[in-house]
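If you read the sequences in order, they're chains A and B.
Sequential numbering of the first sequence, starting at 1, is according to my numbering.
Sequential numbering of the second sequence, starting at 1001, is according to my numbering.
Rather than coming from a laboratory, the hints here were simulated on the basis of the structure.
All figures in this text were calculated on a predicted structure; none of them were measured in a lab.
Heads up, a few of these hints could be off.
Claimed, not checked - Now the stretches of chain A that chain B is said to cover, found in silico as 3 or more residues with beta-carbon under 8 Å:
1. 26 to 36
2. 51 to 59
3. 178 to 186
Built from N, CA and C at the ideal position, the CB exists for glycine as well.
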Amino acid sequence: MTRLTEISLIAQVVATGSERAFGQLVQAHQEAVRRFLRRLTTGDAMRADDLAQETFIRAWQGLSSFRQLSGFETWLLRIAYRVFLDDDRREKAHPTYDAVASGDNGEKGPTINKFIDMPAEGMGETDRGLLRHDLDQALATLGETERTCVILQCVEGQSIKEIATIVGMNENTIKSHLLRGKKNLASYLRNNGYNG
Amino acid sequence: VARRTLPATFETMDTMDKNKIKNPDRALLSDDELLDAFFNEHKETIADNGFCERVLQGLPERENVESVESQQLRRWRIGLNLFGVAAVVGLLVYFGFFSQLWDFQQGVAAHFISQAMNFDFNSLLVKLMLMLHRLPELLPSPTQIVTIAVAILVLTTATVKQLVDTYKL
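Chain B with its partners taken away, still in its complex shape (with noise of 0.2 Å):
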C-alpha cells in the first residue's frame, strides 16, 4: 500500500476545507450533538480487500487448538467441583455425620453378629421355599419393565450428556 506523508493536520488544515466538513449550524449544539454530528461525518467503511481471505489462510489446525482461555475455564470448574465436595464433605465431618454412621455401622455389624450366632437354618430354607413359591408374583410386570427402562435410559443419557458438557469430553 502506498503510504504518503498527510499534506495538512487538523489545525493546519485551512478554512476552506474545515468549512466543507463544518456546520456554522453547531453554535447551539449540546456536547452529544456535537459529537453525534463529528462522527456521522466521519463515518468510515473499511472494504474487504481480501482481508477474510489472509485470516483463513493464517488459521491454525484446530486440532488441540483448546484457548488458554477455555482450559483456565476448565480447570477453574475441577477446582470448583474438588472444592465443593471438600466443603460437603467438611460440613459431614463438622457435623458428626461420620461418627454417627461409625456408630450405626457398629451397632448394624453387632445385630448380625448376634443373630448369626442363633441363626435357625431351618428357617431359613422354609422361607426361601415360600419365597419361591410366590416369584411369580414378585416378579414385575412387562410394563412395569418398560417404565424402569426408559427410567434407567433417560437418566443414563442426562449424565453422559452432562459429563461431557462439564468436560468437553
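Excised from the complex, chain A in its bound form (with noise of 0.2 Å):
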C-alpha cells in the first residue's frame, strides 16, 4: 500500500467513517500488529490476536487524533505496545489460573507458553513450530524494554526514532536497551549452539 493510498483511506474513515477503508487499513497492518504481539506475548497466538483486535478498536475510536507526525504503522504499534502494557499490568494485579498453575507470580521475566499453535499435519509446520519456539524462548531471556526494543528493530525492522516514538523513551536510552538487548541474546544464541 503507498503511502498516498493510506493517506485517503485514514482520511475516508476520520471524514466519513467508512469501515471499509478501515478493513483495507486493518488488512495491510495486521500481520506487523500480530506479529509484533505474539512476540511481545512470547508466542500466545490467541492473547496476542486478542491484543490485536483490541489495538485496531482503539486505533479506529482514535484515528482523528492521528496527526501524520509518524507513520500510520508505527502510530498503530505504539497503541499495540500500550495495550500489550495495560493487559500485563492487569494480569500481573489478576493472576489467570493458569499463571497461578505454573507458578509465574508476575514478578520474573515472562515465561514461555507451554502451549503454541502446533499445526496436526506436515513437518514443515512443525518445524516451524520449534524455530517460532526457539525465537521466543531467546527473547524471553530478555528484560520487557529490552525485548520490545529488539522485536521492534530485528522483527519489524523499525529505525531508532520510531521505536522511541512507540516505546515513549528518548533515543539514547532505546540505544543502550537494544545494545545490552542484543549481547544478551546474541550471547545466549552462542550458549545454545548458534554460533557453530
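Reassemble the complex: the two chains are provided individually, in unrelated frames, and hints are given to aid placement.
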C-alpha cells in the first residue's frame, strides 16, 4: 500500500467513518501488529490476536487524533504496545489460573508458553513451530523493554527514532537498551549452539 | 485451534534439528550479524485467517468515539488557550497597560464633556450639509467594494476553519 493510498484511506475513515476503508488499513497492517504482539506475549497467539483486535478498535476510535507525525504503522505499534502493557499490568494484578498453576507470580520475566499453535500435519509446519518457539525462548531471556526494542528493530525493522516513538523513551535510552539486549541475546544464542 | 504441548524446547532439541537451522559459518559473526541471520531464519508470516473480519465485526459505533487521548488533547488545548489569555492579561496588568488605558479613557471623556458643554449646533448642521453634499465623492467605487467583500470573506473562512480545526466542531 502506497503512502498516498494510506493517507486517503485514513481521511475516508476520519471524514465518513467508512468501515470498508478501515478494513483495508487493517488488512495492510494486521501482520505487523499481530507479529509484534505475538513476540511480546512470547508466542501466545490467542492472547496476541485479542490484543491486536483491541489495538485496531482503539485505532478506530482515535484515528482523528492521528496527526501524521509518525507513520501509520508506527502509530499502530505504539497503540499495540500500550494495549500490551495495560493487559500485562491487569494480568499481574489479577493472575489467571494458568499463570498461578505455572508458578508465574508476575515478578519474574515472561515464561514461554507451554502451548503454542502446532499444525497437526506436515513436518515443515512442525519445524516452523519449533523455530518460533526458539525465537520466543531466546527473546524471553531479555528484560521487557530490551525485548520490545529488539523485536521492533530486528523483527519489525523499525528505526531507532520510530522505536523511541513507540516505546515513549528518548533515542539514547533506546540505543542502550538495544545494545544490552542484542548483546545478551547473541550470547544466549552462542551458548545454545547457534554459533557453530 | 488445536493446541498441543510442544515436544521439544530449544535446550532439549536434538542436534539434528538444531543443525537444520544452524550455520557453521557463524563462528566468526559479530553480534549484529548473528542476530540478523537468526531473525532471518525465524521470519514469520501471519495469514489473515478471518482476523480483519473479526475486527470489523467488533468495531463500536462511530458516534461519540472520541478517544480518551483526543479528549485529553482537547482539554489541554483549551487549557493552554486559557493560560495564554491569562498570561497576556497578567503581563498587561504588570506593565500598567490597564491603568494607562483608564487614564486615557478618562482624558477622552473629560474632553468630550467639555466639548459638549460648549457645543455649537449651528456649525454641526453646516458640517452635516457639507458632508451630504460631498457624499457621492466619499462612497467607495464598485472595485473597492468587491475587494473589501472578498477580503472579509477570506478572513471569515480562515477564522471559521481555524475554529473547526481547533475545537473539532
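Status of the hints after comparison with the structure:
1. Only residues whose C-beta sits within less than 8 Å of a C-beta in chain B count toward coverage, and the segment 26 to 36 of chain A has 6 of them, enough to reach three; the restraint holds.
2. Three residues within the 8 Å Cβ limit are the bar, and the segment 51 to 59 of chain A against chain B gives 5, so the coverage statement holds.
3. Only residues whose C-beta sits within less than 8 Å of a C-beta in chain B count toward coverage, and the segment 178 to 186 of chain A has 4 of them, enough to reach three; the restraint holds.
Hint compliance for this structure: every hint is met.
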